[in-house]
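K.L.:
Residue-level listing of the chains:
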Amino acid sequence: MVEPVLAARGLARRFGGLAAVDGVSLDLAPNRIHAVIGPNGAGKTTLVNLLSGELKPSAGSVMFEDIEIAGMNPARIARLGIARSYQRVNIFAGFSAFENCRLAAQARRGGLWHGLRSAGAERDLDEAARHALRLVGLGMGGRIAGHLSHGEQRQLEIAMTLAITPKVLLLDEPLSGMGAAESRRMTRLIKRLAKDRAILLVEHDMDAVFSIADRLTVMVEGKVLETGKPGQIRKSRAVRKAYLGGRA
Amino acid sequence: MKPRASIEPVLLALALIALIVFPLLGAKFYLQLFAKIMIMAVFAMSLDLLVGYAGLVSFGHAAFYGIGAYMLWWLSPQYAAANFWLTLPAAMAAAALAALAIGLLVLRSSGVYFIMVTLAFAQMFFYFATGSKFFGGSDGVYVYVKPAAFLFDLDGAAHFYYLALAAMAGTYLLLRLLIGTLYGRALLGIKSNETRMRSLGYSTFGYKLAAFALAGSLAGLAGYLDAAQYGFVNPDLFGWRLSGLALMMVILGGMGTLYGPIIGAFVLVLLQDALSDATKHWLLPLGIFIILAVLFLPRGLSGLARRAEGPHG
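Each protein sequence line maps, in turn, to chains A and B.
Going left to right, the first sequence walks through residues 1 to 248 as the numbering used here numbers them.
Going left to right, the second sequence walks through residues 1 to 313 as the numbering used here numbers them.
Don't read these hints as lab results, they were simulated from the structure.
All residues carry an ideal CB built from backbone N, CA and C; glycine is no exception.
Incorrect hints may have been included.
Unchecked claim - Chain A is nowhere near these chain B residues, computed Cβ spacing over 12 angstroms in every case:
id	residue
1	P9
2	Q32
3	S138
4	L200
5	G287
6	I290
What the hints assert, rightly or not - EDC-like cross-link-like pairs, simulated, lysine to aspartate or glutamate; straight-line CA separation at most 20 angstroms:
id	chain 1	residue 1	chain 2	residue 2
7	A	K56	B	E194
8	A	K167	A	D196
9	A	K229	A	D27
10	B	K191	A	E54
11	A	K195	A	E3
12	B	K36	B	D277
Said to hold, decoys possible - With the C-beta cut set under 7 angstroms, the calculated list includes, among others, these residues of chain B facing chain A:
id	residue
13	S6
14	K28
15	N193
16	G201
17	Y202
Please work from the sequences and hints to get the whole structure.
P.N.:
See below:
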């Protein structure tokens, strides 16, 4: 078994009396796609928020390589190399797609003082931004982000996470609101991105999930119902009963 | 990206030349008035760094203006001149330190709450100065002898005018350069979408705090010059009226432009001056003017120039 890049143990988050995430453990292996599925309200997005630091866990631990990151703020977690995308498009709408990516690339290159060097001189940032745009197939990115189509904004969202050269990508429903063709393209892209990083994929599109995921975790009401290879999950009686219904 | 063919630098250079030759033609009264306007422009530009670039609408920026002014009084011997080259940096440092301390507290809030807490802090200074015997209470205090600067004479209207002009041009240049750096880009990103900046890995608090401290020290510079010009410092320099006036200059001129607040300062003060000469009820036409300007020029007066440049502006 390979050492996991990111390992969550007994992760929990309570909102008042509600346990949105309740004792979740999972391992992200390098260069693998680990999908998390489950009905609405299962706590999938809360899980992503706990891993990215946007929410502080009520209990449990998250190890990234040898570092405990549970409770760290999102900026520090991102600088360690864990990037996330959002279920709802979350970009700098008034900036060009290129500027969105360049700002992302800048995030990991030194802190505040580094920032006082002249912006014009930073060719490596421009290069990193262009590289990220090329990876997702957005071209030169000269257009204003707010004017892009929904699918393109989703691509941009991914490009921004790539521009910070993450070791772990947390993707929260990257296919939501996409047409069939766009969706296929994005699925291929995610598969390709897993070649050199670990990916956590929260997604509702079952065809996409079962076609690209290496491992699957099924969540129901904040708890892990089952974890395994796609084939095992498909066969699992508990999963079928709780979630997949007659489909699988 | 496409090169931005802009008339902005040309216009600014022309304005600078006009302001340089102005003392050769203008009467002493106007030299003093223009010096006052340029001091206000420094103040308004420092606020524009917060409002227009970091998205921090402060309604208490006068706190740091007042600190700069009171610092000159405090550091001045009663019947001798203070050293300009020592007291000015000291005043700016004091304002920056105060901004750092206050920023640590207020920058945890945002939006309307930020407006209210910054206002509250400035009013705290106002009431403290009003109630304090040491600071002269509501009557204020006097700087009897203007600071000495070796190279020039702050008592001379023309010299002081050029000092104010240098402060304004220097502030503009400093902030313009800062906005061009990676730090400046990050500030704009924070203004646009702070959550996203954090999830990308920016510790946004430090970025905002640095901007708040720098804006505070520049406001301190303006306050110091105000005290040096009039030799009189009172608690109104901490007051919400002054904070509001600067905010109006920024909005009227066009926020996030730096030269907009300069235009705003000139238009607002000159208009105030002309209207108050013409009628006792000058606040009414001034108010109407501001309302119309905000309604019809959402990007401020400087937006007019950009509109004239065409759709790319």
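K.L.:
When the structure is checked against the list of hints, which entries are broken? Sort them ascending.
P.N.:
Numbers 4, 13, 14, in rising order.
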